[in-house]
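Could you build all of it, start to finish, from the sequences and the hints given here?
Quick note, the sequences are listed as chains A and B, same order. By this note's numbering, the letter at position 26 of the first sequence is numbered 26, and the numbering carries on one by one without gaps. By this note's numbering, the letter at position 23 of the second sequence is numbered 23, and the numbering carries on one by one without gaps.
Note that these hints are calculated values from the structure, not bench results. Check each hint, because a few of them may be wrong.
Residues on chain A that point at chain B, a partial pick, calculated with CB under 7 Å [said to hold, decoys possible]:
1) ASN127
2) GLY130
3) THR131
Capping the alpha-carbon separation at 30 Å, the derived lysine-lysine pairs in DSS-like fashion look like this [claimed, not checked]:
4) B:LYS292 <-> A:LYS239
5) B:LYS241 <-> B:LYS4
6) A:LYS97 <-> B:LYS185
7) B:LYS167 <-> B:LYS199
8) B:LYS241 <-> A:LYS215
9) B:LYS393 <-> B:LYS268
10) B:LYS69 <-> B:LYS241
11) B:LYS4 <-> A:LYS97
12) A:LYS81 <-> B:LYS174
13) A:LYS97 <-> B:LYS281
14) A:LYS239 <-> B:LYS268
15) A:LYS97 <-> B:LYS410
16) B:LYS268 <-> B:LYS398
17) B:LYS410 <-> A:LYS29
18) B:LYS99 <-> B:LYS4
19) A:LYS239 <-> B:LYS287
20) A:LYS239 <-> B:LYS69
21) A:LYS9 <-> B:LYS410
22) B:LYS54 <-> B:LYS87
23) A:LYS266 <-> B:LYS292
24) B:LYS66 <-> B:LYS199
25) A:LYS239 <-> B:LYS99
26) B:LYS48 <-> B:LYS95
27) A:LYS494 <-> A:LYS455
28) A:LYS239 <-> B:LYS413
29) B:LYS410 <-> B:LYS398
30) B:LYS97 <-> B:LYS87
31) B:LYS66 <-> A:LYS239
32) B:LYS66 <-> B:LYS97
33) B:LYS241 <-> A:LYS97
34) B:LYS410 <-> A:LYS313
35) B:LYS241 <-> A:LYS239
36) B:LYS42 <-> B:LYS95
37) A:LYS361 <-> A:LYS477
38) A:LYS239 <-> B:LYS398
39) B:LYS185 <-> A:LYS215
40) A:LYS29 <-> B:LYS376
Glycine residues also receive a C-beta, built at the ideal position from the N, C-alpha and C atoms.
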Amino acid sequence: MLDYDYTIKREKPSVAGIVAPTGDAKFQKFFWGGDEIMVPLYKTTAEAKAAQPQADVLLNFASFRTAYDVTMEALELGGFKTIMITAEGIPERLARKMNQAARDAGVIVIGPATVGAISPGAFKIANVGGTIENIVNSKLHRAGSCGLVTRSGGLFNELSNIIAINADGIAEGVAIGGDRFVGSVFIDNLLRMQDNPDVKYMILLGEVGGTEEYKVIEAVKSGRITKPIIAWCIGTIAKYYSSGVQFGHAGASANAERETAEAKNKAMAEAGIHVPATFNDLPAKIKEVFESLNIAPVPEPEINIVPSVRRSKQFICTISDDRGEEATYAGFPISSVALPSTGKGIGDVISLLWFKKQYPKWATDFIETVIKTVADHGPAVSGAHNAKVTARAGKSVVESLVTGLLTIGPRFGGAIDGAAEYFKYADDNNLTPAEFLNYMKKQGVPIPGIGHRIKSLKNPDLRVKGLMDYAAENFPKTPLLDYARTVEALTTSKKENLILNVDGTIGILMVDMWRALGYAEEEIDEFIASGTLNAFFIAGRTIGFIGHVLDEKRLAMPMYRHPMDDILYDVQVAEKI
Amino acid sequence: MAQKAIREYDAKSILAKHWDQYFPNFTYAYETVMVQNGSELKEAAKEKAWLNEKRLVAKPDMLFGKRGKNGLVLFRDQKPGDVTLEKAAAWIDEKAKEKQEVYFAFDGDTPVGAPSVDYLTHFVVEPFTPHEQAEEYYISATCVGDEDVLYMSAEGGMEVEEGWEEKVTEVSFKITESEEEIAEKIRANVPADVAENDKANFAEFAIGFFRAYRELNFAYLEINPFVMQGNKIELLDMVAKLDDTAGFMMAEAWGDVEYPTAFGMEEKSPEVLAIEEADAKTGASLKLTLLKPDARIWTMVAGGGASVVYADTIADLAGIDDLANYGEYSGGPTTGETKFYAETILDLMTRQKDPQGRDKILIIGGAIANFTDVAKTFTGIIQAFEAYADKMKEVGMKIYVRRGGPNYEKGLKDIKEAADRLGLWIDVYGPETHVTDIVRMAVEA
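Spelled out as structure tokens, the structure:
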């Protein structure tokens, strides 16, 4: 379908999303000409429809076991104009229920047991038309003047080819499907084609069995259908075999004389429909009718050529692009966010490059405040210490810096992630502060983000106070911080210094920020799980570490050696085993 | 094929299995056995006391009706209702011994058309149930167009068949109608001839019957007649078809049900059975029917629709007597599956020469494939050529190929090269040639 879209120069791919119930990927790469595009994946039809409400066609590729459920769910969800079903052999009773439910909902069902349908030059669903080479050969890449309806998928292709050779191609075509009970039948499609001014004449390829062709005959007789129809029912051979031989599709089983291919061909011919003498004469009949209509030639449009050899891309980038005049951050030229005149700060750059969104000023200011707040915390903390020791060993700025950065983890700097994770868990599960403390005790983890070496309620950490004041003034609301304060009230009642510390405050306020920005809880959980909160700490503290490294370089301090009297030596002679 | 006929015995067994769910206020003794010969019947009598205690009825259970008119219902020895176990066993052995003539249609009591001749292999034996004619009723259900139709009559047996128009009440139901709506409609349409004090019972039975028909995924279900004596039901004769596409969800409900070949139809050949087995194992489709194995033209066609137009065209241009088989492969079979399919056909085709000494014709046809890789499937056919080349040359064969679709150029080139290398006569065409035109070429050659 994407090859088709590309070939006919469709601007946007026709596939909005794919429902893939198993697997964790969020998108799948597909070729778009020589290039590639990403098509989003969703776990459920509901999720896909919610994310892509503009998509109004559902291609149901589920097996005969589940195709019914998938269709019924889609009808329940609503918003689909057409549902195509490829599965062959859906239980008949389920197929009838499904088709009726769709009819009642005004939804067109194509199939079951179909290879798809096509509006040449605009939209193609599923495998109809076959390979892109065949599509172009059969002139299915641009609109002609025939409306084509068949049961069989293979013969749909065959007829498209015949029509391309003997006439000017098709304006729209549907393979209605081979099962006994299909959603839209010949007449449904022919009536639509009658009303479509691009269709000048119709071709119907029926089959032995069923009485649907008679509805077409009625419509011709009543004058509801006035455009010429060329028709043929395959399966004339069935008359030679009394029973037991199933010719063709499940729908093709003649239970009565009038359901035979011969009777239907005869009745159609009598109604004034153009019926050839045999299937082998169909091409000549098409040529004859087409030429009698004197249709103006169709201009051949330019097409894109899908390259025959395509290489899959190794890397994907969705945040920045350096291919144009000026490199961009999430679509914004660098100068439009970098220059002072733009009024943009580092918080804006982070929102673009980390989150691919333009955050409001209160949020970018908060991010900037966080970066500034965590930039340094003196030389004694382990990360800064490691950076300094490395610098004194004569290593470069980058080597010394990463030594410091590599120290960041669950014990150093990790409290931001941890605080966000645990407080959010407690809040999501409506735990009271006492229950939360109990829970953490059972987990055997000290509450991340609670406790300070020297600061207490009486001697507050001014960084914390600053962040809280900023949030109170600028955040729309701070539910998680409010909850955390109730926890703090309980912990400080036990011990003075068990206050909400700066890491905890940042982690919790980040969650409040994202909530206020409209992120779903699952998205926020993903931010936490992927270590996004620590990233703020890493970005900020990099500034401080570089400061310490440059400080060492300036001071030209010698190689550091730890004093031996600061080490407790307790070495036993190794036992022989 | 979606709708498959099952034996009367299986139909009764399925209803009996779910009896209390659909007919909680009725009883059905489910006294019925299916046997293939007299000794099996005697063996069954060791477990089922009623076979010894009651007088019996025996009849073949092989999908055909009109058993009474064909003289194939045993209910009397000297007088009606005196058939013993011994007599039934002897009668079954006698009827199974030789081929029997069975007429499927009658005009009055006169058979119409030629009889089918075959062995009787399955018999059902049940107690003889004395009852009044007035206690016999008719009921059946099937799908007509988009609607389910329930047929009911106060008269059962042959009378209903011969007086269908006057005696049967038809009620149609949309697929969307609720249980309540259905029940109400049935109650309102109980045939007028049902005795007044039996009407409520009849309606209740019909409601259960129609629900069983729907929920158990029958495509056709007929009891003709059933006997209703108060709350006691006897199912005297049943005909049923299942919608076998529902098989995956009805395995439990249907139990171990068999889909027999119709009486008089040739038993499926081992080759056809092997293709059926392969078909059941793959997501692709492999179908083969043998029509006339000594005929001259064989087809190996891809696609359900294309296979039909090839068969049509052969019948039109060469005549039906020249067509040996019907079948198709589709849905992207693997190379191995195609090889197996092709070998099966080549094997059948090379068993004997054409009686008139002409070359045999193999049509390897197909429309323009949607997604089946032509080169890949042709690789399987080429491998089969390699295995059968000597036999093919010996019997004399002309091969006509026409195909389009993914990778068709390579497929056509490969098969042409392989045939030339193996010394086989071949002509190869692509989508520029009309799909069935190779039939014309082959016939005119």
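Proposed proximity, LYS398 of chain B with LYS239 of chain A (alpha carbon, max 30 Å): Holds, at about 28 Å.
Agreement of LYS69 of chain B and LYS241 of chain B with the hint, judged by alpha carbon distance not exceeding 30 Å: holds, 23 Å
Proposed proximity, LYS97 of chain A with LYS241 of chain B (alpha carbon, max 30 Å): OK: LYS241 of chain B and LYS97 of chain A at ~20 Å, within 30 Å.
30 Å Cα cutoff - pair LYS241 of chain B, LYS4 of chain B: holds, 5 Å
Given hint GLY130 of chain A near chain B, where the shortest CB pair must fall under 7 Å: holds, 5 Å
30 Å Cα cutoff - pair LYS410 of chain B, LYS29 of chain A: holds, 28 Å
Restraint status (C-alpha distance of LYS42 of chain B to LYS95 of chain B at most 30 Å): Between LYS42 of chain B and LYS95 of chain B the Cα gap is close to 16 Å, so the pair holds against 30 Å.
30 Å Cα cutoff - pair LYS268 of chain B, LYS398 of chain B: holds, 28 Å
Pairwise hint evaluation, LYS99 of chain B against LYS239 of chain A, where the allowed Cα distance is 30 Å at most: holds, 27 Å
30 Å limit on alpha-carbon distance, applied to hinted pair LYS410 of chain B and LYS398 of chain B: holds, 21 Å
Satisfaction of hint between LYS287 of chain B and LYS239 of chain A, Cα-Cα up to 30 Å: holds, 20 Å
LYS393 of chain B paired with LYS268 of chain B [C-alpha distance capped at 30 Å]: holds, 28 Å
In the structure shown, a violation is registered for the earlier hints numbered 15 and 28, in ascending order.
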